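Enquirer: Sequence:
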Amino acid sequence: MNTSSHLQTWRTQAGSTLRVLIPRIASSTLTATDGLVDDLLRALGEQPPRALGRDPYVGLFGQKPVNELRQQAAAGVQVYLERLRLPSILPMDEQADALIRSLKGFSITRPVGVYPYEGLFGYTQVNISTLQLQLWRQQGGQHLRRLVAEIPDITPTAADDLADSLLRALGRQPGRPSNRLPYQGVIVLPDSIPFPEFRRRAADALQVFITNINSDRLGSTDAVVDDVIRKITTLRGLNQLPGRPVERLPYQGLFPTIQEVTESQLVQIAPTAQRSQLRKFLPHLNATLVEFNISTPLRKAHFLSQVAHESANFNAVEEFADGSDYEGRADLGNFFAGDGRRYKGRGLIQITGRFNYRQCGDALGVDLVQQPTLLVTDVLACRSAGWYWDSRQINVWADRDNVEQVTLMINGGYNGLDDRKAKLTAAKRAFGI
1 MNTSSHLQTW RTQAGSTLRV LIPRIASSTL TATDGLVDDL LRALGEQPPR
51 ALGRDPYVGL FGQKPVNELR QQAAAGVQVY LERLRLPSIL PMDEQADALI
101 RSLKGFSITR PVGVYPYEGL FGYTQVNIST LQLQLWRQQG GQHLRRLVAE
151 IPDITPTAAD DLADSLLRAL GRQPGRPSNR LPYQGVIVLP DSIPFPEFRR
201 RAADALQVFI TNINSDRLGS TDAVVDDVIR KITTLRGLNQ LPGRPVERLP
251 YQGLFPTIQE VTESQLVQIA PTAQRSQLRK FLPHLNATLV EFNISTPLRK
301 AHFLSQVAHE SANFNAVEEF ADGSDYEGRA DLGNFFAGDG RRYKGRGLIQ
351 ITGRFNYRQC GDALGVDLVQ QPTLLVTDVL ACRSAGWYWD SRQINVWADR
401 DNVEQVTLMI NGGYNGLDDR KAKLTAAKRA FGI
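The sequence shown runs 1 to 433 under our numbering.
Please note that a few of the clues may not be correct.
Here are the simulated DMTMM-like pairs of lysine to aspartate or glutamate, each with C-alpha atoms no more than 25 Å apart in a straight line [unchecked claim]:
1. K64 to E94
2. K421 to E319
3. K280 to D216
4. K64 to D34
5. K104 to D34
The hints are simulated quantities; they were obtained by calculation from the structure and are not laboratory data. Computed from a prediction, not measured in an experiment: that's the story for all the values here.
Construct the complete structure from the given sequences, taking the supplied hints into account.
Expert: Below you can see the structure in the form of C-alpha cells.
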C-alpha cells in the first residue's frame, strides 16, 4: 500500500493532535509518558537519547514548572513533525503514533500490519459509503458478540482477556487491575455470580459499543475491532485468521462488501425519472436492498424494475387517484368510512388498504394506521417496498427470473406487464446480467 500521498498530511495532523494532548497529561509531576514525549522530541530533533536516569526534558529546556515544560515540548513536537518531509515511514512516526494512542487512552496497541497514523487520521482507501460502514459495524458487533458469548470454558481464557481490553477501551474505562477477572469492574454484577454470566453481559455490551461507534469514517477503533475478531477467532480454534493485510480496510475480508446501486444504474432503468428524486431515494434504496436480502443482481433487477413502474419512474410515492375506489373493500380491511381514501396506495410499491398498512407498520416499527401519510417519506417509501417484497417472498420468483409471477404478486394481475418487462431488460443490462 502506498502511503506517500497521505503521510505528510497525517504527520501534520499528528503534530496538531500532540500539541493538544501533551499539555493535558494528567499529573502535576513528571511521568513515564513525559519520557515518551522526550524520546520523540529528541529523535525528531536529531538529539542524542536521554541519559539513563535523567528526568524528561532535562537538557532540552531550562528549569520550569512541569506544565510549561509540556507546553514547550508539545510545540516542538508539532513543528518537527510538520517539517518531517521524508516520503517513507520512519521510527519517529512509530513513536508519534504510539504516543497518540497512549494519550488517547487506547488500552490496545496498534494492530500488527497497520501503518502508523492509519486509522487515527484516515486510510489510504477511503471510498466507502456510510451504508457500508454501518453494515460492517453491525456485522462486526454481532459476530464478536457470538464469539465471546459462546466461549465454552467456564473460567477465563485468553480470548476473555482480549474482549475485556476491547470493552474497556470502547467504554473509555481504565485498564483492568491485576486482581480482577476479565469484565469485573465494568460489568455491574456481584462477584459471586458465575463467570459465564459476566462474559454474556460483556458480549452484549461489545455489540452495542461496536454498532454505535461514533464516527462517520473508518478509524483506529475499527482497526482494533477487526484485530480482536481475528485473534479471538484464532484462539477459539474456529479458523486460523491471519492479521489484516495493510492494503485492506478494517472488516474488509471478514464481512462482505456490498455492491451498491448507483444513480447511473437507476437512470438506465428509469430514464425519465427526475434526477433529484433518484438522488433522494438512492441511499434508502440501497439500505432496503440490504435489509430485505435483495442481494443478487437478478433480485435487484426485478425489484427495481417493479418499483420503478409502480412509482411512475420514481416520480410518485402516492397514488394519483383519491382512493375512493377502495372504499368498503373488506379484502383490504377497509371496514370504516373513509378508509379507501385514508389508506390509498403509497410508497414505492403502493401499499394499499388498512390491513396492509397495519402489517407494514408493525413490521417497520411505525404506526401507519394512525399516520398513513408517513409512507410517502423517503425512508418508509423504500422500506415499505422492501417489506412487501419480503413478506410475499418474491425473491423466490425473482431467482427464477419469472417476471409474470413477480408482477402477479405485486399487482394482483398483469397491469403494465410490457413496461415492467422493458424495465427489467434495462435493469439486467445495468447490472451486467
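Enquirer: Go through the numbered hints given earlier and state which of them the structure violates, listing their numbers in rising order.
Expert: When the structure is compared with the hints, only number 1 turns out to be violated.
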